[in-house]
Amino acid sequence: MGPGDVGKSSILDAIDLCLGARRNAQFTDADFNNLDVEQPISITITIGELDDSLKSMETYGNYLRGCNVEAQTIEDEPEKNCETVLTIRLTVAGDLEPVWTLVSERAAAQSQSRNLNWSDRVRLSPTRIGALTDYNLAWRRGSVLNKLSEERADTSAALVKAAREARSAFGDQADSQLGETLSIVATTAQELGIPVGDKLKAMLDVHAASFSGGTVSLHGETGIPLKSLGLGSTRLLIAGLQRKAAKEATIILVDELEHGLEPHRIIRLIGSLGAKEKSPPLQAFLTTHSPVAVRELNGDQLFVVRQSEGTHSATVLGTEDEIQGTIRSFPDAFLAKSVIICEGASEVGFLRGLDNADVAKGEPSLTALGVALVDAGGCDHIYKRANAFYRLNYRVCVFRDDDKQPDPATEKAFTDQGNSLFKWRAGRALEDELFLSLTDEAVVKLLLRAVELHGEELIEAHIDSESGGKLKLADCKSDLTTEKREILAKAARRKKNSWFKTVGWMEGVAEDIVAPDRDADEGFWGIVEPVYDWINES
Amino acid sequence: MTGINLLEVKRGTVTAPAGCGKTHLIADAIIREKPSKPILVLTHTNAGVAALRGRLEKAGVPTNAYRLSTIDGWAMRLISTFPKRSDADPKILKLENPKTDYPNIRVAAARMLKAGHGLDVIASTYSRLFVDEYQDCNIPQHAIVYYMAPAFPTCVLGDPMQAIFDFQGKLADWDEHVCKHFPLAGELSTPWRWKNAGEEGFGQWLLDVRKELLAGNTIDLSKVHANVSWINTSGKDAHERRLAACRTKAPNENGSVLIIGESTSPQAQRQFASQTPGATAVESVDLRDLVSFARTLDLKSTKALDQVVDFAEDVMTNVGGTGLLKRVETLKTERNRKPASDLEGAAIRFSENPTFAGVRELLGAMGEQAGVRSHRPGILRGCIRALQMAEAQGGPSFQEAAVTVREQSRALGRPLPRRAVGSTLLLKGLEADVSVILNAADLNRRNLYVAMTRGSRRLVICSGSNVLKPS
Numbered sequence: 004m005g006p007g008d009v010g011k012s013s014i015l016d017a018i019d020l021c022l023g024a025r026r027n028a029q030f031t032d033a034d035f036n037n038l039d040v041e042q043p044i045s046i047t048i049t050i051g052e053l054d055d056s057l058k059s060m061e062t063y064g065n066y067l068r069g070c071n072v073e074a075q076t077i078e079d080e081p082e083k084n085c086e087t088v089l090t091i092r093l094t095v096a097g098d099l100e101p102v103w104t105l106v107s108e109r110a111a112a113q114s115q116s117r118n119l120n121w122s123d124r125v126r127l128s129p130t131r132i133g134a135l136t137d138y139n140l141a142w143r144r145g146s147v148l149n150k151l152s153e154e155r156a157d158t159s160a161a162l163v164k165a166a167r168e169a170r171s172a173f174g175d176q177a178d179s180q181l182g183e184t185l186s187i188v189a190t191t192a193q194e195l196g197i198p199v200g201d202k203l204k205a206m207l208d209v210h211a212a213s214f215s216g217g218t219v220s221l222h223g224e225t226g227i228p229l230k231s232l233g234l235g236s237t238r239l240l241i242a243g244l245q246r247k248a249a250k251e252a253t254i255i256l257v258d259e260l261e262h263g264l265e266p267h268r269i270i271r272l273i274g275s276l277g278a279k280e281k282s283p284p285l286q287a288f289l290t291t292h293s294p295v296a297v298r299e300l301n302g303d304q305l306f307v308v309r310q311s312e313g314t315h316s317a318t319v320l321g322t323e324d325e326i327q328g329t330i331r332s333f334p335d336a337f338l339a340k341s342v343i344i345c346e347g348a349s350e351v352g353f354l355r356g357l358d359n360a361d362v363a364k365g366e367p368s369l370t371a372l373g374v375a376l377v378d379a380g381g382c383d384h385i386y387k388r389a390n391a392f393y394r395l396n397y398r399v400c401v402f403r404d405d406d407k408q409p410d411p412a413t414e415k416a417f418t419d420q421g422n423s424l425f426k427w428r429a430g431r432a433l434e435d436e437l438f439l440s441l442t443d444e445a446v447v448k449l450l451l452r453a454v455e456l457h458g459e460e461l462i463e464a465h466i467d468s469e470s471g472g473k474l475k476l477a478d479c480k481s482d483l484t485t486e487k488r489e490i491l492a493k494a495a496r497r498k499k500n501s502w503f504k505t506v507g508w509m510e511g512v513a514e515d516i517v518a519p520d521r522d523a524d525e526g527f528w529g530i531v532e533p534v535y536d537w538i539n540e541s
Numbered sequence: 041m042t043g044i045n046l047l048e049v050k051r052g053t054v055t056a057p058a059g060c061g062k063t064h065l066i067a068d069a070i071i072r073e074k075p076s077k078p079i080l081v082l083t084h085t086n087a088g089v090a091a092l093r094g095r096l097e098k099a100g101v102p103t104n105a106y107r108l109s110t111i112d113g114w115a116m117r118l119i120s121t122f123p124k125r126s127d128a129d130p131k132i133l134k135l136e137n138p139k140t141d142y143p144n145i146r147v148a149a150a151r152m153l154k155a156g157h158g159l160d161v162i163a164s165t166y167s168r169l170f171v172d173e174y175q176d177c178n179i180p181q182h183a184i185v186y187y188m189a190p191a192f193p194t195c196v197l198g199d200p201m202q203a204i205f206d207f208q209g210k211l212a213d214w215d216e217h218v219c220k221h222f223p224l225a226g227e228l229s230t231p232w233r234w235k236n237a238g239e240e241g242f243g244q245w246l247l248d249v250r251k252e253l254l255a256g257n258t259i260d261l262s263k264v265h266a267n268v269s270w271i272n273t274s275g276k277d278a279h280e281r282r283l284a285a286c287r288t289k290a291p292n293e294n295g296s297v298l299i300i301g302e303s304t305s306p307q308a309q310r311q312f313a314s315q316t317p318g319a320t321a322v323e324s325v326d327l328r329d330l331v332s333f334a335r336t337l338d339l340k341s342t343k344a345l346d347q348v349v350d351f352a353e354d355v356m357t358n359v360g361g362t363g364l365l366k367r368v369e370t371l372k373t374e375r376n377r378k379p380a381s382d383l384e385g386a387a388i389r390f391s392e393n394p395t396f397a398g399v400r401e402l403l404g405a406m407g408e409q410a411g412v413r414s415h416r417p418g419i420l421r422g423c424i425r426a427l428q429m430a431e432a433q434g435g436p437s438f439q440e441a442a443v444t445v446r447e448q449s450r451a452l453g454r455p456l457p458r459r460a461v462g463s464t465l466l467l468k469g470l471e472a473d474v475s476v477i478l479n480a481a482d483l484n485r486r487n488l489y490v491a492m493t494r495g496s497r498r499l500v501i502c503s504g505s506n507v508l509k510p511s
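Protein chains in written order, with my numbering: chain P, 4 to 541; chain A, 41 to 511.
Same shape as in the complex, but just chain P (with noise of 0.2 Å):
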C-alpha cells in the first residue's frame, strides 16, 4: 500500500516481467529511469523454498546461492546455515532486448550464462489478475486452467468433425445464390481451355470452416461464458483457481485487489489466498487503497511503498502490538500520507467537525488532502503510536489536551526530529478551551447541546456538584464570568457522563458550535488555525 503514484503497480510489473514465461517483452525508451538508455533496466528477484528440480546440482549447480534470512544478505554459495537460493535477473539495455539471466559470480567468473529451463520458468510464472482476467478462464497457454490438473481436452478431431459437418450441411446452397457468377467463370475457363470439369461449384473453404484450438473455455450452466460475469466474480474466481493450482504455481499478483468486489468479497478473496493460513500457500503481492484489506491482514503482511529521492521502498509494518491495533481500529490511517495522533475521540471528533464545516464552506477535506485522524486512546499511547507512524515514514503530528502531559522526554524526541505537536494552553483539556474561549453565545449553545444530549436533569446535577451546589443551569446561561465558565469546563469533562467526549457529540459541537464562532478568543484560533496550516501542507 501507499500513496498513488509512488510505484505499486511497477513493483508488481517489475516481478510479473522477470519471473513471467516470455519469450520475449516490449521496452521502450519511455521505460528506462529519466530516459537515459545508457543505463540499463535490471530487475533481480531471488527465489527461496525451491523444490528439488530448482536445486539440482546438475541443472543450476553453478547457479545455487545461499540467502542467510537472518542477516539478510544474499552469499554466492549455498552454505550449511542458509537457505539455498537462485536469483533471477532480468536485463534491458539500449537495444531494448530483454535478457533473463541467473545470478551467479562464480559462473560469471568462468564466462557462463544461463536462464532457468523452460519448464521451470511455466511453473514459476506469476499469475497476474489485472485488467483482462478473461484470459484465465479459457484453457490458454499459462492460464490457470492449465495449472490446475494435468487434464487437457482434446478438441482438434471435433473440431475437423464439425467442421467437415458444416460444410456438408452448407451443401451446394451457394450455387444457387451464386449462380450468375459461376457461369461467368465457368465460361471463361472454357474460353481459355483451363481443365474445371462441366460444372463449377460454390463450396464452403474449408479452412475458413476450421478453428483454431485452444478455444476451450468455461461457461456457465445456461452456456454463458464465465468471462461476461462481473469484474469482481471473475476476479474472485481466478484467484480462488490460483489457490487451488498452488502448487504448480505459486506467485499471484492482484493489482487493486479491491477493484469490483464488496468489503465482504475482499475479504473472501484474502482468506482464499490463504492470507489466514498458517504456512501461506501462495506468495500473493497485491496492491490495495481499500481499509477493509488492510484490516484483514497482519502487521507483518502489510508493506507500505515509498519512494524518495528516486527510490522506491517498501516497509512491512511490523506486528508490535501498538501497529497491529492501530491497523485494526484505523487502517484508514495507513493509506494516508499524513497522520494527526489524536489523544482521544473528543480530539478526533473536534478536527472532523472543524473539517465538516470547511467542507461545507466548499474547502478541500482532510481526506482530500492525505489527512488521517487516529485515536490514541489516551494520553499514555500517544507516542507509541506517533512514533510507529514516524518509523513508517509517515507524516505525523501529534494533537492533545495539557491537563495531563505525556512523558516530556519521550515528547521532546518526537518534536526533535521535526515532528509537529499541537496542545492546548497550559493544563487545559478541549472542554476547558472551549468554555473559557468561546464566546457568551457559543458558550450558552454548548450548554444546550449538552442538555439536549444528557438531559436537564443531568447537566443540572453536574452542574451543581461542581459548584458545591452554588450554580444552577439556569444561572449559567447569562452573565458568564471566568469562575463560571471553569465550572462549566470541569462539569463538562467529567470523567463519568462527561457531555460531549464522543467522536459523534464533539464533531457535531465542533461543526456547530465552535466553527462558525469566529470570535473567540485568539489564542483558541492560535492554537487551531496552526494545525490547520500542518494540513493544508499535506
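There may be inaccurate statements among the hints.
[What the hints assert, rightly or not] Label pairs and their calculated CB-CB ranges:
(1) A/G434 <-> P/S152: 56 to 64 Å
(2) P/T49 <-> A/L47: 35 to 43 Å
(3) P/H315 <-> A/L452: 54 to 62 Å
(4) A/R51 <-> P/S122: 27 to 35 Å
(5) P/E100 <-> A/T103: 34 to 42 Å
(6) P/S122 <-> A/L47: 21 to 29 Å
[Stated by the list, open to error] Partner residues are not named here, just some residues of chain A that face chain P (Cβ under 8 Å, in silico):
(7) T121
(8) P123
(9) R125
(10) K154
(11) A155
(12) G158
(13) D160
(14) I162
(15) S164
(16) T165
(17) F205
Simulated from the structure, these hints should not be mistaken for laboratory data.
Heads up, the beta-carbon is just placed ideally off N, CA and C, and yes, glycines get one too.
Given the structure of chain P, go ahead and fit chain A onto it with the hints provided.
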C-alpha cells in the same frame, strides 16, 4: 535372489565376494526405484566407471536413472561447483600435479561436506547413493562418502578380500571404518557367475577358499575342486610348464582365458604374451609405453628409424628389427643383390623422408610380414590412431594425440581379448572362462583371491609347492 534389497538400506554396507551378482543387484535396484531423481553411483576408477556403465546398459537400466562417476571425479565436480565452500585452490582442478592435486581435491571435498555445505543441494539432485568397489577407497575418499551420507540413503558395496590397491595410500579399513560408519546390511552368498556357467560347485568351492583366506589359512593344492589344476613349477622346466599353462584351452567354444603374471614385472607378462600363440598383453590405463614413444620419437634425429623399429619390436613378435636395419644400410649404399621388399622400401622411404605417415606405413608393413603378430595391440592400435591425428594438417602434435588417445581409452574401457596376459591389478573386475595363475606363491591372500576368481569354468595354478601360504 540374495534377499538383499538395496533400496531398503538407509545406510549400510553390502559385502560382495567376486561373482556374486553385485552389479546385478545395483542394476536391479536402479530399475526398481524409478526415482524422479537419478541415483548417484560412484566407483573407484575410470575403468570401473566404464565397466559398470557397460554392464548397466546391458542390463537395460535407463541411463537417466543414474549418474555414474569416480569418487575423485565427483569430488572435482563438488569443488568446481562450490569453490568458496570447499575453499580449495582452483589450480588443483587442472591436475597439473596429479600426485598432490588428487589428495588436495579429496581433502577439500571432504572438508566442505563435513561442514554441511551443499548437502541440501545434493539431496535435491539425487535420490540415493551407491558406492561400488568400496574396498578400494582410501581414507580421504571414505571421508567424502561418510560426510555426504547424511544427505540421502547411502549403500556401499565391496569386498575386503579384493582390496588390492593398497599401495596407493592407506585404504579405509573394512571393519574399523567402513562397517563402523556403514553398518553391515548383508553379504552376498550365491556364486552367480559360476552358477550361470553351470559350475556352481566350483563357485561354492571358491567361496569356501575365500573363507579360508580370510581366516589366514593355507590352501592345499593337492585337495582342490575338480575344475582346478595345479602345475608344479619347482623344476628346471618351470618356464616351459608355465608356457604350457598359458596355452590352456577353454572348455567352451570361444571361451576366454586370463593369464595372471607378476604385477611387478610387466616385461615378464609381455614375454608370456609374445610367446603364447593368440595371447595379447593387457595394458595399464595410462598407456605409458605409447605416451613415452610419442614423447621421445624425434623425426629429425638420425636415429628415428631405429626408434620406430625398437617400438615395433616391443609391440610385435618376430619383427626381425636388427635384420631390417642392416638391410636398409646395405640397400642405401647400393651393395644390394636382392631388390628391396615392400617393408624395406617403406623403411628406406622413411629414413629419407621421415614423416608421421611414414611411421604408420612402416608399422603397417611390419605387421603384414609373415609370422609377425602384435602381442600388444592396445599400444600398437593406439599408436596408429595417434599418428593419424598427428599427420593431419594443423592436427595436434604426436604427443598430444597420444594423450588424447589415452584419455579416450580410459573413458571407453578396454576390450578384453580372448587370451589376455596381465596382473591382478590390470585384470581386476574382468571375467573369463579360464584363469591361469603363473606365480601363485608370489601373491598375497587378496591378490590370490582376485586371481582365482577371474575364471568361471577352470582355474590353473602354477606353484612350486602344493601348499599355498599367502601373506
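(message) Let's test the interface hint: is any C-beta of chain P closer than 8 Å to that of A/R125?
(response) holds (5 Å)
(message) Can you tell me whether the CB distance of P/S122 to A/L47 sits inside 21 to 29 Å?
(response) The hinted range 21 to 29 Å holds for P/S122 and A/L47, with Cβ atoms some 28 Å apart.
(request) Hint says 35 to 43 Å; check whether the CB-CB distance for P/T49 and A/L47 agrees. (result) holds (36 Å)
(request) Confirm or reject the claim that A/R51 and P/S122 have a C-beta distance inside 27 to 35 Å. (result) With a Cβ separation near 33 Å, A/R51 and P/S122 satisfy 27 to 35 Å, so the hint holds.
(request) Using Cβ atoms only, decide whether A/A155 comes closer than 8 Å to chain P, and label the hint accordingly. (result) Holds. Min distance 6 Å.
(message) Does A/I162 hold up as a contact with chain P if the rule is Cβ-Cβ below 8 Å?
(response) holds (7 Å)
(message) Holds or violated: the hint that A/S164 contacts chain P, with Cβ atoms closer than 8 Å.
(response) holds (4 Å)
(request) Indicate whether the distance between the beta carbons of A/G434 and P/S152 respects the range 56 to 64 Å. (result) holds (58 Å)
(request) With chain P as the partner, please determine if A/D160 meets the hint condition of a C-beta pair closer than 8 Å. (result) Holds: closest Cβ of chain P sits about 5 Å from A/D160, inside 8 Å.
(request) For the hint on A/K154, just tell me whether its beta-carbon gets within less than 8 Å of chain P. (result) violated (10 Å)
(message) Against the range 34 to 42 Å, how does the distance between the Cβ atoms of P/E100 and A/T103 compare: consistent or not?
(response) holds (37 Å)
(request) Have a go at the A/T121 hint: is there a Cβ in chain P nearer than 8 Å to its own Cβ? (result) The hint holds - A/T121 has a Cβ within 8 Å of chain P, the shortest such distance being about 4 Å.
Checked against the numbered hints listed earlier, the structure breaks hints 10 and 17; every other hint is satisfied.
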